[in-house]
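Protein chains in written order, with my numbering: chain A, 331 to 551; chain B, 331 to 551; chain C, 331 to 551; chain D, 331 to 551.
Wrong hints could be hidden among the right ones.
[Said to hold, decoys possible] Taking beta-carbon pairs under 10 Å as the criterion, some of the chain B residues facing chain C (in silico):
id: 1; residue: Arg384
id: 2; residue: Tyr391
id: 3; residue: Ser402
id: 4; residue: Leu403
id: 5; residue: Leu406
id: 6; residue: Asp411
id: 7; residue: Leu416
id: 8; residue: Tyr420
id: 9; residue: Pro481
id: 10; residue: Ile494
id: 11; residue: Met496
[Claimed, not checked] Non-contacting residues of chain C with respect to chain A, defined by C-beta distances greater than 12 Å in every case (computed):
id: 12; residue: Ser364
id: 13; residue: Arg369
id: 14; residue: His370
id: 15; residue: Arg394
id: 16; residue: Gly415
id: 17; residue: Pro435
id: 18; residue: Glu436
id: 19; residue: Asp449
id: 20; residue: Gly451
id: 21; residue: His452
id: 22; residue: Thr483
id: 23; residue: Ser486
id: 24; residue: Met496
id: 25; residue: Glu509
id: 26; residue: Asp534
By construction, these hints were calculated from the structure, which means they are not laboratory data. Heads up, the beta-carbon is just placed ideally off N, CA and C, and yes, glycines get one too.
Protein chains: 4
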Amino acid sequence: MGYCLTDLINACQNDWRAYIEHDFVRQLGAATLSEESFRHYLKQDYLFLIHFARAWGLAVYKSRDMTELRHSLDSLKTIVDTEMGLHIGYCREWGIDEESLHDLPEAHETLAYTRFVLDCGHRGELLDLHVALAPCLIGYAEVADWITSHPQTVTSDTPYQAWIDMYRDENYQQAARRERRWLDARLAEVSPRRFEQLITTFRDATRLESAFWQMGLDAAS
Amino acid sequence: MGYCLTDLINACQNDWRAYIEHDFVRQLGAATLSEESFRHYLKQDYLFLIHFARAWGLAVYKSRDMTELRHSLDSLKTIVDTEMGLHIGYCREWGIDEESLHDLPEAHETLAYTRFVLDCGHRGELLDLHVALAPCLIGYAEVADWITSHPQTVTSDTPYQAWIDMYRDENYQQAARRERRWLDARLAEVSPRRFEQLITTFRDATRLESAFWQMGLDAAS
Amino acid sequence: MGYCLTDLINACQNDWRAYIEHDFVRQLGAATLSEESFRHYLKQDYLFLIHFARAWGLAVYKSRDMTELRHSLDSLKTIVDTEMGLHIGYCREWGIDEESLHDLPEAHETLAYTRFVLDCGHRGELLDLHVALAPCLIGYAEVADWITSHPQTVTSDTPYQAWIDMYRDENYQQAARRERRWLDARLAEVSPRRFEQLITTFRDATRLESAFWQMGLDAAS
Amino acid sequence: MGYCLTDLINACQNDWRAYIEHDFVRQLGAATLSEESFRHYLKQDYLFLIHFARAWGLAVYKSRDMTELRHSLDSLKTIVDTEMGLHIGYCREWGIDEESLHDLPEAHETLAYTRFVLDCGHRGELLDLHVALAPCLIGYAEVADWITSHPQTVTSDTPYQAWIDMYRDENYQQAARRERRWLDARLAEVSPRRFEQLITTFRDATRLESAFWQMGLDAAS
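Sequences are here, hints too, so could you generate the full structure?
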């Protein structure tokens, strides 16, 4: 009785698999991804993180009590104090300095996904915001797992290993599990009509994540 | 099965009766209310209407489809195109010109209620906003009914009759019934935990309405 | 002394011309645009209008006084009470019934532009929201003018004439001029640093409008 | 040339002094404040802090770049990770356990001030939010200074010393100075019309702070 995140994923199984096992992900695992694609992705992902941090700031605002507020603040701190730094360091290794990130024009795919998430948050309540954020936070944990377990994955001497390790890292996986528990507790008590709304949000967000991978692939063509 | 607005009212019956049958309302019906109290109330109610209009603008923004959007826009138009004009005309009859309304300092009671409603809207979803608005829109229709049916009510030759008639008017009563139907349809499918949240919102809004009446009474002392 | 809308346009002249004179617009004027492109555009423009209406609802909320609030409400009413109806009627003539519009999946280009505008509104103040909306409201008036005055334009017996006339209509042109005056009055007193921010918003919104045309063209390929 | 925070304070000097030197503050310094007043204030201040934290979450959302975002996040962390804990510990010393804080009904004065600040933030841009927050963050630093330097202040063996020390603490004073610099930099470039808007916001927020002290005093009568 009651819904959970797995029900959301099952309700848009095709879109979810298309995202998790996207060609960008497959090529990244097989170490055949063009560096140009990856570099373009990395740069846009920096802009993505800024709006992602703003979204968690919004989640802090929308919290109904201190428990919810602390949960959102933890995610916000993880992004700004940890991920952002890892990302900037990682970009540097790929020859992208922080200055150049500041002047970067934002790709339409970045705009579309990030502003969609923020609008879900403003229009709906905290749960709508979390559901819109889930394909990113929880999806990346699953992407890292999928790559790791996939037979075609090349595990040594690949330029992408550090990126994969970032999302396989126990801290990250733990944050993803924590978020999943939060969602499961809330989804357990929504009505069927409300669940339909959330499916739409989750599906749109998942598709926008796929489009974000695709943007990376397209940069090389 | 499922909740409705009457359940919200019953859940905070004491606060609701204290609001509907507030001394301000009783004295207004019995035509014993001091004109100073009424004039202070009228002026602050003008400021209230501005923020009330802003709240319905927010409801337009938060709508999930065109049916919801048109419902909110109808309320917004009622306030700005009808009630606002009636109110300004009514103030004029009481010797309060429109210019003086513009420079009016906002009372704490006006600030508290209006900004509370707006925050409910931003923090939650459209339903939270509607529930926070309900004591005003639906409550005033009930206040007008209560005054009318009350044995102590003086019905002729009272300076307050025009005000009472404004809320007994079929157009207003119809808007209140329309809103009640909208709420009943949504409340029917919320979970018990969610209903608890909405009770808190409804009770706080009801108390803030009472404080708004009290502000009127206090102005005369 | 002081800035005006023309300064915003001049600051991103290339992007503005690329939008106003986009191939979609040229082909529409020359009546060489594929009907498939136009139909795709029309359908997405319906979804666009819904979010555009939400944006004007947000503008009502963000207003600082009744003059600003009425200005925003006028635009909101124009969209919902007039344009929306024209659009649905117009879609019908192109064989697109209202039902099919309700189930339409939202293109990334529609998502990107509409949610960008809404985020500009939430993040900044009323002026940021208006600047993000300007390429649409004011741009379409200019697009209609440009088509009309362009030597290659075919003026009789073209399926697109009714669409062009909708934006050449005096009511629409007047709304665009009214908005321009509102913007000119506000831009007159912003600081250079603030103007830089607004240029970025205006440029991004203009590019997203171009991408919206391009989406139409791409639908036919 | 250009405005600064001192200009805001000077523009509502009477309201500012009435707040900084409020009877609640004077009695607190002179150790003549009734414990009932202080206890009521302390409890409501806990609820205040929650909404204050939400306001800084909103500031994170409204930030235009990572520098602004980190500035807001620092304030948010100070409140949630430091002040909140100090406050709960401090309440405990006054016999108020954390459980009882959770069920506390919110006073109108708390509602009025906190929701006013949040609405300033949503309606305007980041600067409006900061200006609405300034009487609290910067005002408390000044209150602590004023108490300390006032000849009637009793400095030993008073139940209020720990509270005063909390705001005299170098960490708190530093946060207040940091915020003042942020405001001075932004105010330097606003137009006279904009500055007028900000004066209204600052004055209203200052008056709402005074009303918050008054609420404490009234609790003992």
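Consistency of the hints with the structure:
1. Arg384: Interface hint status for Arg384 of chain B: holds (5 Å vs cutoff 10 Å).
2. Tyr391: Result: holds, 4 Å to nearest chain C Cβ.
3. Ser402: Hint holds; Ser402 of chain B Cβ to chain C Cβ min 7 Å, cut 10 Å.
4. Leu403: At 6 Å from the nearest chain C Cβ, Leu403 of chain B passes the 10 Å test, so the hint holds.
5. Leu406: holds, 7 Å
6. Asp411: Check passed: Cβ of Asp411 of chain B comes within 8 Å of chain C, closer than 10 Å.
7. Leu416: Violated, because the Cβ-Cβ distance from Leu416 of chain B to chain C comes to roughly 15 Å (cut-off 10 Å).
8. Tyr420: Because about 16 Å separates Tyr420 of chain B from the closest Cβ in chain C, which is outside the 10 Å limit, the hint is violated.
9. Pro481: violated, 40 Å
10. Ile494: violated, 26 Å
11. Met496: Since the shortest Cβ distance to chain C is 19 Å, the answer is violated.
12. Ser364: holds, 23 Å
13. Arg369: holds, 22 Å
14. His370: holds, 17 Å
15. Arg394: holds, 20 Å
16. Gly415: Given that every Cβ of chain A is farther than 12 Å from that of Gly415 of chain C, nearest at about 24 Å, it holds.
17. Pro435: violated, 9 Å
18. Glu436: For Glu436 of chain C, whose nearest Cβ neighbour in chain A is about 7 Å away, the distance does not exceed 12 Å, so it is violated.
19. Asp449: violated, 5 Å
20. Gly451: violated, 9 Å
21. His452: violated, 6 Å
22. Thr483: Answer for Thr483 of chain C: holds, closest chain A Cβ roughly 29 Å.
23. Ser486: holds, 37 Å
24. Met496: holds, 27 Å
25. Glu509: Holds, since 22 Å exceeds 12 Å.
26. Asp534: Non-interface label on Asp534 of chain C violated, nearest chain A Cβ at 7 Å vs cutoff 12 Å.
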